[in-house]
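*Asks:* Please build the complete structure, drawing on both the sequences and the hints.
Protein sequence lines, in the order shown, are assigned to chains Y and D.
Okay, so the first sequence: first residue is 1 according to this note's numbering, each after it adds one.
Okay, so the second sequence: first residue is 1001 according to this note's numbering, each after it adds one.
Be a bit skeptical, because a hint or two may be false.
[As the list claims (entries may be wrong)] In silico lysine to aspartate or glutamate, EDC-like type, Cα no more than 20 Å apart, as pairs:
hint, chain 1, residue 1, chain 2, residue 2
1, D, LYS1364, D, GLU1319
2, D, LYS1201, Y, ASP131
3, Y, LYS49, D, GLU1222
[To be verified] Derived list of chain Y stretches under chain D, where covered just means 3 residues or more per stretch with a C-beta under 8 Å from a C-beta of chain D:
hint, segment
4, 73–86
5, 275–281
[What the hints assert, rightly or not] If the Cβ cut is set under 7 Å, some of the chain D residues that face chain Y in the computed set are:
hint, residue
6, PHE1166
7, VAL1177
8, TRP1179
9, ALA1215
10, HIS1219
11, GLU1222
12, LEU1227
13, LEU1228
14, THR1258
For the record, the hints were derived by calculation from the structure and aren't laboratory data.
Here a beta-carbon is modelled for each residue, glycine too, at the ideal position from N, C-alpha and C.
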Amino acid sequence: MSRRVIVGAFDRETDVIAATQAARDGGYIVEDVYTPYAVHGLDRAMGLKPSWLTWVCFAFGAFGLVFAVWLQFWTSTVAWPINVGGRPWNSLPAFVPIAFELMVLSAGVGTVLVFFVRRRLRPGKRCVPFDVRTTNDRFILVLDGEGPSDLGDVRRLLESCHATAVDERQVAAETAHGGRARATGRLNLGLGVALAATLAGYWALGVDPLRPNFEFMPSNMVHAVSAQAFATSSVLPRGQTLQDPPPGSIARGLLPWPYAATPEDAARAGVELSNPFPPDDPAAVARGAAVYATFCQVCHGAGGLGDGPVTTRGVPPPVSLLADHTRQIKDGQLFHILTYGQKNMSSYTAQIPREDRWKVILHVRQLQQRAMSPTSQSQVQTR
Amino acid sequence: MADMDVGALRPPLIAGHKTLAQVTEDVCAPMDGRPTALWWIGLAISVLALSLGVAAVWYMFVTGIGTWGLNRTVGWALAITNFVFWIGIGHAGTLISAILFLLRQRWRTSVNRAAEAMTIFAVICAAIFPVIHMGRAWLAYWMFPVPNMRGSLWVNFLSPLMWDVFAISTYFTISLVFWYVGLIPDLATVRDRIRGNGPRKRLFSFFSLGWSGSARTWHHYEAVYLLLAALGTPLVISVHSIVSMDFATSLIPGWHTTIFPPYFVAGAIFSGMAMVLTLMLVARKTMRLEDYITLRHVDVMTKFVLFTGSLVGLAYGTEFFIAFYSGNPYEQFAYTNRAFGPFGWAFAIMVICNVVLPQLFWSKRVRTNLAVVFVISLCVNVGMWFERFVIIVTSLHRDYLPSSWADYTPTMIEYATLIGSFGLFFTCFLLFCRFLPMIAIGEVKSVVAHDARSTGGPR
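*Replies:* This is the structure in structure tokens:
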């Protein structure tokens, strides 16, 4: 089935606008105008309403915005809330950038797709132009020729607007539907083949959930290299896996201890060091008492008199901790003695940690104080 | 906008009193026949550089990210510098295609197609860097909030790095759509020029979507184009603002400043406009498009470079002033170290190329001397690369704790990756110049018609 149209060709945009206006004024139906570029004023001459795609754009933009806010709210607050630096889960200001981006993305892509669908633009569509020069430099006006119109009248009208050629053509009526049906059929066939190929592949390859996944990148950390601290290394400096600590570094929990095991340094420690724990710290004093009972009491005795149990079995008794001489030894020097030992006493570094050595000194001071006070003095003497 | 009558006061935008058919011929001429020797040489060098980059990236994937010169203190360096540099390059394309469209700047029609293509290729180059920086690029899809079998464990939407993922992917998609929508009528023009029914004709038929030039389609097309421009304008500003927030939301002195978003956007347009100038000066010479990309186009673009360059200079000055005025010793140290520290030479290159040299554009003699314009545009590109390097590396390498201070030297692998990104960019651009109309034929035709009406000359 075909129908008749009247085709006028023009060389200037002003002419085609004038001709379009004149044809509409003359009662003809303007089917379409084909132009090499967007001619401004032609939409008015053709009587086209403003494009409704702005509303489509608004709708897609609103959808994108709402979706983005929902997605961020739901994932961050409902589905799996994660505490990031103590910030609230529902941090709306932080959602603004992504909400904006998704709004733009949705509005832009959505509008273009609707435009393509509405104007029937799709990849591979064949275009049969009235004149192959429409996309180059010619303006084509197409009028509906089905009515009782006389070609001569139309020709005179269009030529008064400087038309270069006017003739009538037969066009196939509404070929769009047939084309679309064919395209849909082809698409369905393609999708069917793809589905069949996928199912066939699934059946042929099989699925074994116990099989490890294919390892396609060697550095995917599937096989982690566990380096032994004292093994040789091929990549690290000087072939060592465990690198030397930087000069001047100290082990965790230790402080510098610039004293040697000499009497001079012992005296110096007494001058330079002081007990980090105050004597009125009950927890430190209690700990000191416990340490004393465990490590010191066997020789020095519960009261510090140097009468511990081992002294009755042949071990030479130590000097009394309550003696005047001992009382005058400074905390730092006592710490030095605990660290390095003195005379028969050996070093207690291995048994008593640093802080406990200071705490046990607190306990010794307390024993001495108790011995000095009048009531306890008599007790000691009577014992 | 066609009705805006500028009269005979302004010279026509397109020189040589072209007819519509001549425009088609001139723009399509480089696509016909054999490419020139110069084109082949350019493509060979670009492909060589690209191959070098591919080899470097492959070596990095197989061996590990330790092949780069990064350390615990300087965890971001050349790769992120390149990322910000390329993203910035892209911004001028969107400025020309979207913002200048909204501002009714008709001169944009001669350069917008190439500038948009530049945007797309630059964003591709940019997107590569954060992805390969992850070390395991094949897991890059973890950045998107896809339902997964880990719970679903979702991405952290509070992180600016996540905002970046969305900003860059949206920017790339919208730029591509904008470019393609603009290209459709021209693809149809080329399609109708090709005689016979060879594979080239079929390819152009496929991608021109059956475009017939119908006024009813043009009517909606214009609306779509305007909408895309209106969406692209805030988008382009948001993208570099978000990129700057990668730095500004951290607590590193030298990064943690509120001026970053506008400063980065100005810098992006500055560097991008310089790149457009570089490319267009080469293209007009080698593709014989002197009538389309005229001295007036160059003049307008140099003024853009001057303006944005001055904005960038103002931003540099503001940063130093705020560091002084804040009384914050860490800020003050960061900026003293930036100017006079171990990377002071990079800072000097940045200031000379970005602030001093563009000031020459105040002189009309400089603006019309194309050789000088070309050299300055190259310098601006170099200077803007160094700006990102200075911001990233000098801020990181001396942070709060002197015990964690470190130095940074890029490795050969990093240099090769940078060269590879330039190879990718120019390979894409040369192929684009050869196989697609690099000037928007349809838009130039409407300008030619407008010129003819407003100057009364022959059309």
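*Asks:* Against the structure shown, which of the earlier numbered hints fail to hold, in ascending order?
*Replies:* 1, 5, 8, 14
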